[in-house]
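Residue numbers for the sequence shown follow my numbering, beginning at 1 and rising by one.
No wet-lab data here; the hints were simulated from the structure.
Warning: the hint list may mix true and false statements.
[Claimed, not checked] Ranges of calculated distance between the beta carbons of each label pair, as one might list FRET restraints: (1) K172 / F104: 16 to 24 Å; (2) T106 / D183: 40 to 48 Å; (3) A58 / E78: 17 to 25 Å; (4) Q45 / H133: 32 to 40 Å; (5) D169 / H118: 25 to 33 Å; (6) R57 / Q92: 16 to 24 Å; (7) Q128 / Q92: 26 to 34 Å; (8) D176 / T106: 16 to 24 Å; (9) S180 / D105: 20 to 28 Å; (10) S180 / Q45: 29 to 37 Å.
Don't be surprised by glycine CBs; every beta carbon is placed ideally from N, CA and C.
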Amino acid sequence: MTRRVGILLLAALVAALAFGCGAPRPTDKASPASTASPAGSAQVQPATVAQLMAAVRAPGARVVLLNVWATWCTPCREEFPDLMRIEREYRQRGLRLMLVSGDFDTELPAVKQFLASHGVDFLTYLKQGDDMHFINGLDARWTGALPATLLYDGAGQRLWFHEGKTSYDTLKTRIDEALSASDAPAH
Numbered sequence: 001m002t003r004r005v006g007i008l009l010l011a012a013l014v015a016a017l018a019f020g021c022g023a024p025r026p027t028d029k030a031s032p033a034s035t036a037s038p039a040g041s042a043q044v045q046p047a048t049v050a051q052l053m054a055a056v057r058a059p060g061a062r063v064v065l066l067n068v069w070a071t072w073c074t075p076c077r078e079e080f081p082d083l084m085r086i087e088r089e090y091r092q093r094g095l096r097l098m099l100v101s102g103d104f105d106t107e108l109p110a111v112k113q114f115l116a117s118h119g120v121d122f123l124t125y126l127k128q129g130d131d132m133h134f135i136n137g138l139d140a141r142w143t144g145a146l147p148a149t150l151l152y153d154g155a156g157q158r159l160w161f162h163e164g165k166t167s168y169d170t171l172k173t174r175i176d177e178a179l180s181a182s183d184a185p186a187h
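Using the sequences provided together with the hints, build the complete structure.
Now the structure itself:
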């Protein structure tokens, strides 16, 4: 491991601990009997950073809110209801919410259970590929701490990046600004 990668991994661990993301607690695990997803729940698709960016740029949204989270991350779990509220309130105005789980593939049942418990009924993603490539591919300023939230315009241009838990009011303000900018006539 190169010195730079070692330092980056150490910084990401320190940042994760500072934001309250620690090891999974036994109570956070899905029991084997409860791993089945009910009908109509979110589909979870593995995706690399390149695939995510293609989905961000896909036609049909005026703004895209991308959130990277994990089932074991306490701040992620705390902000999740606000993300779902934003999605419900802004869907008809052109918002696409993209949820990306940073969990390992082996945690897919817990991911599906968590999404179902929050009423997620749209396509979501499970991070694939090298961590540093993924992190730098979304935003080079990102230390890897979770949650991480990015806002894009309809063409896929990044408008805002936030590392750590954010609030409903902050999300609302940023999305309103982005939607207003998309309504403004081009100069």
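Right, here's what the structure says about each hint:
The hint said 16 to 24 Å for the Cβ distance between K172 and F104, and at roughly 32 Å that hint is violated. The beta-carbon spacing between T106 and D183, approximately 44 Å, falls within the hinted interval of 40 to 48 Å. At about 29 Å, the CB distance of A58 to E78 disagrees with the hint of 17 to 25 Å. A hinted range of 32 to 40 Å is violated for the C-beta pair Q45 and H133, which are about 19 Å apart.
Here the CB-CB span from D169 to H118 is close to 20 Å, at odds with the stated 25 to 33 Å. The hinted range of 16 to 24 Å is satisfied by R57 and Q92, whose Cβ atoms lie roughly 21 Å apart. Checked against the hint of 26 to 34 Å, the pair Q128 and Q92 passes, with Cβ atoms roughly 31 Å apart. Between D176 and T106 the CB atoms are about 39 Å apart, so this pair departs from the stated range of 16 to 24 Å.
A beta carbon spacing of about 40 Å between S180 and D105 contradicts the range 20 to 28 Å that was offered as a hint. S180 and Q45 have their C-beta atoms about 32 Å apart, which keeps the hinted 29 to 37 Å range intact.
Hints 1, 3, 4, 5, 8, 9 from the list above are not met by this structure, while the remaining hints are.
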